[in-house]
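Colleague: The primary structure of each chain is shown beneath.
There are 2 protein chains.
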Amino acid sequence: MPGPPRVTLDDVARRAGVSTATASRALGDHPHVAAATRARVREAAEALDYVASPEATRLAGGPTGRVAVLVPHPSRWFFGELLEGLEAALRAADLDLVIFRVGGPEERAAFFARLPARRKVDAVVVLAFAVDELEHARLASLGVDVVAAGGRVASYPSVGIDDHVAGRQAMDHLVHLGHRRIGMIAVGDTQRSGAGPSGKDVGCLAPEPDGRTSAWRAALGDAGIAPDDELVVTVPWGGEGGADGMARLLGLRSPPTAVFAHDDETALGAIRTLRRAGLRVPEDLSVIGVDDHPLAALTDLTTVAQPVRAQGRRAGELVVAALRGELADGLPPAELLPTRLVLRGTTSPPGAPR
Amino acid sequence: MPGPPRVTLDDVARRAGVSTATASRALGDHPHVAAATRARVREAAEALDYVASPEATRLAGGPTGRVAVLVPHPSRWFFGELLEGLEAALRAADLDLVIFRVGGPEERAAFFARLPARRKVDAVVVLAFAVDELEHARLASLGVDVVAAGGRVASYPSVGIDDHVAGRQAMDHLVHLGHRRIGMIAVGDTQRSGAGPSGKDVGCLAPEPDGRTSAWRAALGDAGIAPDDELVVTVPWGGEGGADGMARLLGLRSPPTAVFAHDDETALGAIRTLRRAGLRVPEDLSVIGVDDHPLAALTDLTTVAQPVRAQGRRAGELVVAALRGELADGLPPAELLPTRLVLRGTTSPPGAPR
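Protein chains in written order, with the UniProt record's numbering: chain B, 1 to 354; chain R, 1 to 354.
Each hint should be verified, as a subset may be incorrect.
[As the list claims (entries may be wrong)] Chain R regions said to be covered by chain B (calculated; three or more residues, Cβ under 8 Å):
id: 1; stretch: 264–271
id: 2; stretch: 288–298
[What the hints assert, rightly or not] Just a sample of chain R residues kept apart from chain B, beta carbon distances all over 10 Å, derived:
id: 3; residue: G17
id: 4; residue: A35
id: 5; residue: A36
id: 6; residue: D210
id: 7; residue: I225
id: 8; residue: P227
id: 9; residue: P255
Source of the hints: derived by calculation from the structure; they are not laboratory data. Only a predicted model underlies this, so the values are computations on that prediction, with no experimental measurement involved. Beta carbons: idealized from backbone N, C-alpha and C, even for Gly.
Please work from the sequences and hints to get the whole structure.
Modeller: Structure representation (structure tokens):
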């Protein structure tokens, strides 16, 4: 006859109303846990007759003072801004930031394969890429808090923007200018999402880029314009992708008079194609992006600005709160920071001289 | 009567022909020291009757598996590329990269003030900013190897480009096109140099930006053109600086027909000013930058390409070699990677239609 089911750390955490990572730290005398939280977890452990397993004790360990950040592409502006904000917030709490590039599938596989054995960080920050089931399990096995910045990732607490709202700000601007045939250059892969080594995402980045594409559809619908799917092209992230996407839109029997590009770098690629085709922006074709990349101001690009550094900073604050056991448990907070339309010189009414 | 002068670790290092950091590691049984180096250092210590001080022993410590990188501005493309290359090289050697932003004077002062007490890294990489005497002393007190990437810093082993050669590639191109009145937008401060908290640099970045400006002068001289100093304007780094610098050049009684900008982002700022002034590039004025930033390709900017990621990678390799005691001592290697002219659409003969 089997004995009663063994009480696990999960049970203790659930009873105390905290995450498993917090419960582990509270029982491991981790110094960054609030006294009230520690007391609540201990009461729960006593009430349940919980006996810590050696594994749980090992996982709790002592604090290392280090936080790992997983970055797909450190040299891209978006990720660099997230890093800047994150570093500032962690530095203020005297935590060191260890950077791991996880750009290609091989790098990701190598990192996730050896991460659990290393146990060298107190928390992990995932910068805007989708983790697959295997990666998710590996992160969970670390027994540390995981926070996402720059977009929602799995069910981790995250800081990002509302991509649908940002997309509506861009699309509504084009619609209000009088455009009715509006193209969309969507980004299908590499920057802010992508399948992991096992080839299977866990729904992680649903709001993006789908939020921007759904905004294209919704804005047209609200304006009484039937969306024409051939006006949506999907390209790899970056300027070359944008240039290619614009070429495809120009090749349509009825090209658009305005284009909403997934981001500023994609938009600048689209503008290069227009210039090479001898078309004027915005007289012949309007272009709008998302980001407010520093070069958007230099190139007079109309865009929807997002506060990227602030997303990194806020994610760092969430890490600090989590390490102190002060992060509200239960439904993870998906914080969304506001975006805003920035009018510059690449949009105008269709066919209008400036 | 004072006894004989005490033998120091420096004496041992000098006799063994290695750096003080290497001598410290060799005597501390650090696993990353080559056997031959260790033997040489021990022989030197024995020959000199060297007795390790508690401080030296503490400094040697064990290896942490971590390398600190000091980055002025992680979100700028140049530094992001250096980081990418550095991370890849260190990762290959199973070393973690801890990132410290040292952008403003306060951040730098705070970092350097507490760095020695932390002793948490095996080496430090300085990304292209000038360290002052106080910072230099603090880094030395760590007893770890220091390597610079993206430019020469003090006397540390470094990887960069030859800024004078890069400047000549840009200037000779403009001269060959027939320009005789050529402006220069130099960058005076923030990106790759700047005084430290004590306000005093130690000559660290002499080749840059001076190398680019000296190339302006030398190229004109070789072409038999008397350099007119009012054609050199110095601005803060970035697009806005470039825009301002271009406006100042346009305000001259006799404006230039071509401009050599310190870098691509500065060049793009200059082009914005020209566009707003109703001037055509290159028909009315040619512009060239340095870097081959990804957006240079998108904006058809003629430039001098430098391999930034490779500089980071090579610096990482120097760190690994240093930790293994394999870095040649004596004169530090200042490695210079090649640059090349990339012809695009922003330069043409003066007054020529394209």
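Colleague: Each of the hints needs a verdict: does it hold here or not?
Modeller: Status of each hint after checking the structure:
no. : hint    : in the structure
1   : 264–271 : holds (count 4)
2   : 288–298 : holds (count 4)
3   : G17     : holds, 34 Å
4   : A35     : holds, 27 Å
5   : A36     : holds, 31 Å
6   : D210    : holds, 26 Å
7   : I225    : holds, 30 Å
8   : P227    : holds, 28 Å
9   : P255    : holds, 20 Å
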